[in-house]
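*Asks:* Each chain is listed here by its residues.
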Amino acid sequence: MTMKKQKLVMVGNGMAGCRTLEELLKLAPDMYDVTVFGAEPHPNYNRILLSPVLAGEMTLQDIVLNDLDWYQRNGITLHAGKTVTNIDRIKRQVIAEDGTVAEYDRLLLATGSMPVILPVQGKDLPGVIAYRDIADTQAMIEATRQHSHAVVIGAGLLGLEAANGLKLRGMDVTVVHLADWIMERQLDKPAADLLMKSLEAKGLKFALGKQTAELVKGESGRVAAVRFKDGEAIPADLVVMAVGIRPNYELAEKSGIHSSRGIVVNDTMQTYDPRVYAVGECAAHRGIAYGLVAPLFEQAKVCANHLAQFGIGRYQGSVTSTKLKVTGIDVFSAGDFMGGADCDEIVLNDPAGGVYKKLVLKGNQLVGAVLYGDTADGAWYFQLLKDKQSVHEIRDHLMFGQSHVGDVGHAGQSKAAGMPDEAEVCGCNGVCKGSIVKAIKEHGLFTVDDVRKHTKASSSCGSCTGLVEQILASTVGGAYQPAESKDKPVCGCTDRSHGEVRATIREHKLLTIPEVMHFLEWKTPNGCASCRPALNYYLISTWPHVALDDPQSRFINERAHANIQKDGTFSVVPRMWGGLTTPAELRTIADVAEKYQVPTVKMTGGARIDLLGIKKENLPQVWADLGAAGLVSGHAYGKSIRTVKTCVGAEHCRFGTQRSMAMGVKLEKMLFGMGAPHKVKLAVSGCPRNCAEAGIKDVGVIGIDSGYELYVAGNGGIKTEVAQFLCKVKSDDEVQEYSGAFLQLYREEGFYLERTCHYVARVGLDHVKKHVVEDTENRQRLYERLLFALQGYEDPWRAAVEQPAVRREFQILEVA
Amino acid sequence: MTAWKQICLLDDIPRLGSRVVRSAAGSIAVFRTAEDECFALHDKCPHRGGPLSQGIVAGKVVTCPLHGMKLGLEDGEAVAPDKGCARRFAVKIESSAVWLQFN
Numbered sequence: 000m001t002m003k004k005q006k007l008v009m010v011g012n013g014m015a016g017c018r019t020l021e022e023l024l025k026l027a028p029d030m031y032d033v034t035v036f037g038a039e040p041h042p043n044y045n046r047i048l049l050s051p052v053l054a055g056e057m058t059l060q061d062i063v064l065n066d067l068d069w070y071q072r073n074g075i076t077l078h079a080g081k082t083v084t085n086i087d088r089i090k091r092q093v094i095a096e097d098g099t100v101a102e103y104d105r106l107l108l109a110t111g112s113m114p115v116i117l118p119v120q121g122k123d124l125p126g127v128i129a130y131r132d133i134a135d136t137q138a139m140i141e142a143t144r145q146h147s148h149a150v151v152i153g154a155g156l157l158g159l160e161a162a163n164g165l166k167l168r169g170m171d172v173t174v175v176h177l178a179d180w181i182m183e184r185q186l187d188k189p190a191a192d193l194l195m196k197s198l199e200a201k202g203l204k205f206a207l208g209k210q211t212a213e214l215v216k217g218e219s220g221r222v223a224a225v226r227f228k229d230g231e232a233i234p235a236d237l238v239v240m241a242v243g244i245r246p247n248y249e250l251a252e253k254s255g256i257h258s259s260r261g262i263v264v265n266d267t268m269q270t271y272d273p274r275v276y277a278v279g280e281c282a283a284h285r286g287i288a289y290g291l292v293a294p295l296f297e298q299a300k301v302c303a304n305h306l307a308q309f310g311i312g313r314y315q316g317s318v319t320s321t322k323l324k325v326t327g328i329d330v331f332s333a334g335d336f337m338g339g340a341d342c343d344e345i346v347l348n349d350p351a352g353g354v355y356k357k358l359v360l361k362g363n364q365l366v367g368a369v370l371y372g373d374t375a376d377g378a379w380y381f382q383l384l385k386d387k388q389s390v391h392e393i394r395d396h397l398m399f400g401q402s403h404v405g406d407v408g409h410a411g412q413s414k415a416a417g418m419p420d421e422a423e424v425c426g427c428n429g430v431c432k433g434s435i436v437k438a439i440k441e442h443g444l445f446t447v448d449d450v451r452k453h454t455k456a457s458s459s460c461g462s463c464t465g466l467v468e469q470i471l472a473s474t475v476g477g478a479y480q481p482a483e484s485k486d487k488p489v490c491g492c493t494d495r496s497h498g499e500v501r502a503t504i505r506e507h508k509l510l511t512i513p514e515v516m517h518f519l520e521w522k523t524p525n526g527c528a529s530c531r532p533a534l535n536y537y538l539i540s541t542w543p544h545v546a547l548d549d550p551q552s553r554f555i556n557e558r559a560h561a562n563i564q565k566d567g568t569f570s571v572v573p574r575m576w577g578g579l580t581t582p583a584e585l586r587t588i589a590d591v592a593e594k595y596q597v598p599t600v601k602m603t604g605g606a607r608i609d610l611l612g613i614k615k616e617n618l619p620q621v622w623a624d625l626g627a628a629g630l631v632s633g634h635a636y637g638k639s640i641r642t643v644k645t646c647v648g649a650e651h652c653r654f655g656t657q658r659s660m661a662m663g664v665k666l667e668k669m670l671f672g673m674g675a676p677h678k679v680k681l682a683v684s685g686c687p688r689n690c691a692e693a694g695i696k697d698v699g700v701i702g703i704d705s706g707y708e709l710y711v712a713g714n715g716g717i718k719t720e721v722a723q724f725l726c727k728v729k730s731d732d733e734v735q736e737y738s739g740a741f742l743q744l745y746r747e748e749g750f751y752l753e754r755t756c757h758y759v760a761r762v763g764l765d766h767v768k769k770h771v772v773e774d775t776e777n778r779q780r781l782y783e784r785l786l787f788a789l790q791g792y793e794d795p796w797r798a799a800v801e802q803p804a805v806r807r808e809f810q811i812l813e814v815a
Numbered sequence: 000m001t002a003w004k005q006i007c008l009l010d011d012i013p014r015l016g017s018r019v020v021r022s023a024a025g026s027i028a029v030f031r032t033a034e035d036e037c038f039a040l041h042d043k044c045p046h047r048g049g050p051l052s053q054g055i056v057a058g059k060v061v062t063c064p065l066h067g068m069k070l071g072l073e074d075g076e077a078v079a080p081d082k083g084c085a086r087r088f089a090v091k092i093e094s095s096a097v098w099l100q101f102n
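Residue numbers (numbering that gives the first Met the number 0), protein chains in the order written: chain L, 0 to 815; chain A, 0 to 102.
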């Protein structure tokens, strides 16, 4: 017997509703029979891209998000062009204008919003329209063919985009605005003035502080002029009302569903009738009906989760940001940009250069931002604002944006707007700006993750993520959804963040991957290549010697204890403690290189020798030969301790103040086999000349006459980060204790694949100092836990040589 | 001509893991899922030729170790939005021995 499917009816076929359906289909594809009513005779399209259509930069076909085929493929009955006029909540039916009836078990209202029409005389004249949908856009395009004077009432986001589009289509356009400056809900006056100046340079005219009194009828019966309250009149044969939107909740209210400036919903997007949900611009959540796309998508996700009866997730309101989509103009605003008595403002104002930036701070938090002319850091500010992250430590350079110094792979570009279409954005995968923009438009992408999946841009080293964010933000405007940096789910297999997973493993003493997945209700039976290695690391770092390592949940390099190369062969790097070696070791390496015909032998950046091009099946034999001379794994392949680079130091160097080689060897021996969220590199320099380049290491030790300086969280890779000073210590023992404690803190708190520089940026250097420097007892406990975890660690190469079960990994099956 | 050949015992392949079979047709990756089903694909990722046998297996999908392309074990097809396909070989398990069909 098959269970009868429940019936889900959706009223409103727009972006919020369809996104909810998409999320629902991902979670529970077979749960409902879905019927959709849409008042417009179109499938779901990207409403925010109506402006580029009006401007002639895109066509209507380009902006369709879900084509008719999508509805059919997913078994969704679509009634396009049918307006629902009644909901019978007792019979659980919706009734459309034409008499179509659909029964529901669950009802989803996504009726969107209506444009506000000024109650002035002449508002119903031909030639007077709102700017809301495809029909309005087509009417405007039609009007540009026959008429020449356009007046746009309202200088908000939509009004300005409409004005820009009409101007580009050759009309003479005047923007009328009641307030004293344009976009007053998104911009402060200085930014608005700059914006107005550049729009004027594009040929737009402005009439500010003007209240419309009447739309005057011409001889043809069409609108002919706009008359203001002060008596002045300007010619107009097209009037676009863009004075705002209001939630469309008439249907809900008529059906007795509690509404107050929107359909009132709770944190699960449920209305006062528990069978009825509402999402999007029609819904009032905690008194707010959102008019931008990003919050609607967050609502969609929560609503779908509850419709699928997963019951996880609450919508708790959104902080929104605004970006104007007028080609060649960069404006960004977010949060409480006007500030107030209890706020501080940091302002950069260069009217001649066309740049204005204002950051509003409350205490240690960024609460608002307005950027004009240079919006490169908009996404970063927005992230800080959303995450409510303390900016205490970076306040002095906050205005100068996220440091892009040291980013490599895209020719030093940090501003996407100025890049030509053929400029390479992602240097790893060879993706240029034009292909990214094309993919965003064609596939209706809204997140960096989507862009990664479709274009591969920023999917390898990630150094161009900032650029991709900017391209996304400028292409989709306010609909851009920045990724949640703090509570981002581990991967698509779960809604839990790294932090939650770590905490749960500790709290509930979970010991195996299946236990974690069961306890936290993983959505996939055995995770994926992203979450399994993370879980494996969290388990063994939280419960050392108790939780068992799962080789099948490790990336091949860690499973085979060697580094996979592009042709499928491996590289072997024996450890050279502190970069020191002996003639006997070198002889052994030379013999191995010859015996196994190693094609390439090279020095690594970590001061040791790399044997490249070894076949996997030969690895155990290579290791056996190396092991006979006492050489062990260099872990050049792992999310683990890599090397401790040293300079010559006081042993030989005439400048050396400390014995850096000996210190380096001690550290490397102490940390042998230490797994970590990501790779860990150390360096010890014998004097402040710092020949070991300790300033770009996870832990950098610099000898000085009175002891050592310790630096942490440096990085010499994708993005060069200079290590930060942690403290000064006196003895070798202290170097071991302090650096060990820092690394243990990172091991316990770091998220998988988070380097120390990212970890420290997330938790703050103050946090690290508190645990490692200021609290002696805590430091010692951390250090003890590290030593305990590393106790009894054996060379993995030897295990592979000696244990048949491990050796199997390297054996090939032959068939005759 | 199609020939079935026994290649190993089921227990010779780790769960959520794989083994490589060397044959006249090139290297073939034989995978074992958590449910003890076995699948075989040409050991060459359609993206840049990576050895699929070295990837992480989850559900009925393997992730190529070189650049992370995901391929379905049942049909060898890349998981959307990626495109590409690795040739598949038929596998059967009979009294805990794994058989591979060469063609």
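Calculated from the structure, these hints are not laboratory results.
Where is the CB? At the ideal position from N, CA and C, for every residue including glycine.
Just to be clear, a hint being listed does not mean it is correct.
[Stated by the list, open to error] Per label pair, the in silico range of CB-to-CB distance:
#, chain 1, residue 1, chain 2, residue 2, range
1, A, 86, L, 396, 35 to 45 angstroms
2, A, 74, L, 361, 31 to 41 angstroms
3, L, 426, A, 14, 31 to 41 angstroms
4, A, 74, L, 511, 53 to 63 angstroms
5, A, 74, L, 72, 49 to 59 angstroms
6, A, 47, L, 192, 17 to 27 angstroms
7, A, 95, L, 511, 22 to 32 angstroms
*Asks:* Which of the numbered hints are not met once you compare them with the structure shown?
*Replies:* 1, 2, 4, 5, 6
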